[in-house]
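K.L.:
Spelled out, the chains give:
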Amino acid sequence: EAQVTQNPRYLITVTGKKLTVTCSQNMNHEYMSWYRQDPGLGLRQIYYSMNVEVTDKGDVPEGYKVSRKEKRNFPLILESPSPNQTSLYFCASSPVSFGGYEQYFGPGTRLTVT
Amino acid sequence: AQSVTQLGSHVSVSEGALVLLRCNYSSSVPPYLFWYVQYPNQGLQLLLKYTTGATLVKGINGFEAEFKKSETSFHLTKPSAHMSDAAEYFCAPTGRRALTFGSGTRLQVQP
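Protein chains in written order, with the numbering used here: chain A, 1 to 114; chain B, 1001 to 1111.
Please keep in mind that the hints were generated in silico from the structure rather than gathered at the bench.
All values derive from a computational prediction rather than experimental measurement.
Treat the hints loosely; a few may be bogus.
Unchecked claim - One side only, chain A facing chain B, incomplete, derived with CB under 10 Å: (1) V4; (2) S33; (3) G40; (4) L43; (5) R44; (6) D59; (7) I77; (8) E79; (9) S82; (10) F90; (11) G100; (12) F105.
Beta carbons are placed, not taken as given, at the ideal position from N, Cα and C, and that holds for glycine.
Same shape as in the complex, but just chain A (with noise of 0.2 Å):
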């Protein structure tokens, strides 16, 4: 089944404490970006990456990072997680990254940090 994974779909911790969200794909896109969802603001885009080691800031990257050494594979990173960063993430991937083409989304990581 074609789907995007994501990994862990809840996540609590405390300021400060590195984290990894993991991203996987299995549909061969070489598009793949990362999103956070926040009541009223829609999705905002935090890092995107158009292909293997390629990656760029998406508008609200403060405080995050990622890496795409595989294409299969996104994740992303919290180095020191502060409580502003406690939203709903989404990743999502595409065949390419512009043009008509579905972004396919996964089931969202709902973090929070105290």
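Following the hints, put chain B in place on chain A, whose structure we already have.
P.N.:
Frame of chain A, contents of chain B only:
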């Protein structure tokens, strides 16, 4: 960069009534336009999209949207609401690198 406005963060309709969710995008070169739906505790899934050609686009679950270049709008409609339509809906024009999401409209359907 694209920007998008969704009028009304909450819309409530009765079951069987018309659904109209409004979306206006910025007036730069029209990109591709998407509507996504998010059911409770789920990720987003594509409802419909406009790329080129016919300006009236039909999607899943009886939804449709009309691209109006002169009004820079891409409003979502459904003739008759069903209880299962209760969800949050996002309009998203796409630029070169990303979708730009609206702030979302939560649709409530009253019995």
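K.L.:
Check each numbered hint from earlier against the structure, then list the numbers of those it violates in ascending order.
P.N.:
7, 8 and 9
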